[in-house]
Amino acid sequence: MLKRVKVWQGPVRIFHWVHAAALFVLVPTGLYIGYPFVSAAAVHQTYLMGWVRFTHSIAAFFFFFGFLVRGYWFFIGNEFEHWRSWAPASRRRRHGLKEMVLYYLFLRKKRPYYIGLNPLAGLIYLCLGVMIFIQAATGFALYSLPYRAGPWHAAFGWMISTFGAQPVRLVHHSMTWLFVAYLIIHIYLVVLDDIEEGTGDLLSIVSGDKYVQVDDQEP
Amino acid sequence: MTDTSSLQAALAHHGLTRRDFLKFCSALTTLLALPGNAAAQIAASLWRKPKPPVVYLEFQDCAGCTESLLRSPSPTIAQIVLSDVSLNYHETIMAAAGKQAEEAKQQTIREGGYLLMVEGSIPVGTRAACCIGGRSAVDLLKEAAAKAAAIVSVGNCACFGNIPAADPNPTGAVGVWDVVSGVSIVNMAGCPPNPANLAALVAHFITFRDLPKMDNLNRPLFAYGGRIHDYCERRAHFDAGRYVEAWGDEGHRLGWCLYKMGCKGPATFHNCPSIRWNLATSWPVGAGHGCVGCSEIRFWDRMTPFYERLPEAAVIHTKVDLNSIAKWMAVASAAGVAGHAVGSSIRGKLRSRDERKKQQGETREK
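These protein sequence lines are chains A and B, in that order. Residue 1 is where the first sequence starts when you use my numbering, and the numbers rise one by one after that. Residue 220 is where the second sequence starts when you use my numbering, and the numbers rise one by one after that.
Rather than coming from a laboratory, the hints here were simulated on the basis of the structure. These numbers come from a predicted model, not from an experiment. Treat the hints with caution; some may be incorrect.
[Said to hold, decoys possible] Derived coverage of chain B by chain A (criterion: at least 3 residues anywhere in the stretch with Cβ under 8 Å from a Cβ of chain A; other residues may be distant): (1) 505 to 518; (2) 532 to 543; (3) 548 to 561.
[Unchecked claim] In the DSS-like style, the derived pairs of lysine-lysine whose C-alpha atoms are separated by at most 27 Å in a straight line are: (4) A:K3 x A:K109; (5) B:K577 x A:K110; (6) B:K318 x B:K366; (7) B:K270 x B:K242; (8) B:K568 x A:K110; (9) A:K110 x A:K98; (10) A:K109 x B:K568; (11) A:K109 x B:K577.
Built from N, CA and C at the ideal position, the CB exists for glycine as well.
For reference, chain A alone in the conformation it holds in the complex (with noise of 0.2 Å):
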């Protein structure tokens, strides 16, 4: 028998989706901003790469204040958003953590069984949300180098004296690979878990719902 399970509540999703559609926009213009590929013709009247920078720097703000929103809903959220189920805390959960790799290196036959996150997907989405940090600091820091009177100079200018503006850039624009490498495996491990495990996975973050068996035990 199928039993309807809430996962992921409202704030959680609309955030997932804040955060993907900001990704989407944020990489390539982020891209032309590091390398402009396409050069205005000298006879037309554009503004090409500020409005290209504009983009990115609104979809940006979107992106941190989303994450923000999510930081704060690991400690009120439900069992399965809360950061004790994501972070490979417990014996259990490294246990865990252990047989998902194997099983993905073709070296377990059975799949571990979770309803929220594997242990595994939970310790990815930590090291994402250390990488969003790194990008939203680096990026605040960029940001406000025209203005060393503003706030984001106060609270982000200090990675400018120390480091220096180019290398803060060079890591700004390597990040964003890592970004584009994460797509890839997330929306691949998400299609395929979905095929595996049956349970909706793929849907729960439009619906935050999943369809468990009754009798299924988590390990």
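Starting from the known structure of chain A, fit chain B onto it as the hints suggest.
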């Protein structure tokens, strides 16, 4: 050099009028971003007050900053303010030599209250790398710094070590502020710094007996408060999306943005776009070459390659192309995912075959 101690006499010596002098004071007021009536105050101070004596030391340098200060096409008032008056010791341009020169320096130091200008980096690792009269640069600097009213580090070497301090820094070169403490230090960064800024700094010091407001790298905000990119005459082309793609191409001839040619204007704070060089006729970006970021700390390590957008990361003295590594990680993840998908589909097939067999076995048992 003239041996007068007042500006009045020095101006007369060069055939400059009081009107020229007042124009110069107005320009300095604008440069320092002071209110208009400060021009009169600056003029009165420069005209009447005795100039502070200046001791100018050179260590690991190329004398390029001195060249920049002195080698303008005609004697400007800035030059007179900087060099003609009360410059008691300057290794490159003083007429005195040997014992005579040393005595002049020692006397100035004994009297105190002088402005100490330093050009060149200080080798603290290999002290013998730079010795004058048998004494190390560290020694000479500490001696001269002790009774100075303030220290002006002229140029990026004296400020932050610059080229001598660039990786791997064989002499252990550092800037003045790494050696001296207890005296106010102004970093007039640049390779070389602009003489107009230095003149403004000196005028500010003479007028207010105080140093101007500075940023966290001790650079005066009037000269290093704005980013080159934000005051650049090519900025409109940047925003429009028009870039020089190769040296001498159509865009280069039309004066488009040098962003893709590695211009470091977006990472550099200096007033070059407005003050300019060579009697304000031009400046590097104006002449069609990207900014190299010469007023920034460790620019030789951080801004290179000068003609590339992104710097190289140095990992244990080895240059690493971080961006390419990250890019290949993205490519590798795509390849990995494709391989894993094939593996997973084979596993899925095997799994359903096993299940079929199991079911068949179960039915046979029945």
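Those earlier numbered hints the structure runs against, lowest number first: none
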